[in-house]
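Novice: Build the full structure now, drawing on both the sequences and the hints.
First to last, the sequence lines map onto chains R and W. Mind the numbering: the first sequence is residues 1 to 113 in our numbering, read in order. Mind the numbering: the second sequence is residues 1001 to 1133 in our numbering, read in order.
A few of these clues could be false.
[As the list claims (entries may be wrong)] Residues on chain R that point at chain W, a partial pick, calculated with CB under 8 Å: (1) Glu19; (2) Phe22; (3) Ser55; (4) Ala59; (5) Val62; (6) Thr81; (7) Val87; (8) Ala101; (9) Glu105.
[Claimed, not checked] In the DSS-like style, the derived pairs of lysine-lysine whose C-alpha atoms are separated by at most 30 Å in a straight line are: (10) Lys1019/W to Lys2/R; (11) Lys1008/W to Lys31/R; (12) Lys1003/W to Lys92/R; (13) Lys2/R to Lys49/R; (14) Lys1019/W to Lys49/R; (15) Lys49/R to Lys1129/W; (16) Lys31/R to Lys1097/W; (17) Lys1117/W to Lys1131/W; (18) Lys92/R to Lys2/R; (19) Lys1060/W to Lys2/R; (20) Lys1097/W to Lys92/R; (21) Lys69/R to Lys1097/W; (22) Lys1097/W to Lys38/R.
These are calculated hints, taken from the structure and not from any lab test. Even for Gly, the Cβ is constructed at its ideal location relative to N, Cα and C.
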Amino acid sequence: MKIQTDHQDDISVVMLEGELDFHSSPELRAKLGELTSKQTPKILIDLSKVDYMDSSGIATFVEAFQRTKRYSGRLILAGLTAAVRGVFEIAKLENIFEIAADRGEAQSRFSGK
Amino acid sequence: MEKVFELKAGSEVLPGLRKELRPLLAQGGWDERLSAQILLAVDEALTNVIRHAYDWNPGKIKLVFRDDSDQTEIVIEDQGVRFDPTSVPPPTLPREKPGGLGVHFIRSIMDELVYDKDFRDGNRLHMIKRKIK
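Specialist: Set out below in structure tokens:
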């Protein structure tokens, strides 16, 4: 899995590419842990290039989401592929997370447009 | 059709195994969506073996993939400590704490989940997905 981070204005963008599973999720967990320990206020995770995810991927997002809530930060997941959306649905977590159709919509939400 | 995989108990084997199972599932008539779900159930079962049966220690896993006109069956055997996923109580959803969803995923995806209580050398789990005609 490729993990790339970028900053667009005041938003920290995490771009993921590949398969997010029990093997690759620790690396993502560490990256998101870095951002949340710095209390990064706006985190956008772009999942448009993730074609597979298991429950360890979900657990990684749940942990990061809970941590951002603790310091009143905001985390938006964007561009969920059908496979990834299906996993959120099995976990019944699709309404717990803030989910945007794509990166552009997530950025608009962050800027309050 | 039957194919046997001998695996090391480590998360690094998961991507390669998915790559090998995808064409077998396609041959079995599963579309991309259902194939991805079955792979997810297999991943979750193997993750449980690595974490619970072997507690992250090295070990061996045998996976048998069996496909016929009625169903696809995946049997997973290990030599670790006893761990019966069918005895895990269902979680309350949505679960807003990390973890605890793996067995729920397997139950949601597969039609039948059988833990072989007579298997004495570790654990043997049968996961069955029936084909609707």
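Novice: Looking back at the hints listed earlier, which ones does the structure fail to meet?
Specialist: Structure breaks hints 6, 8, 9 and 12.
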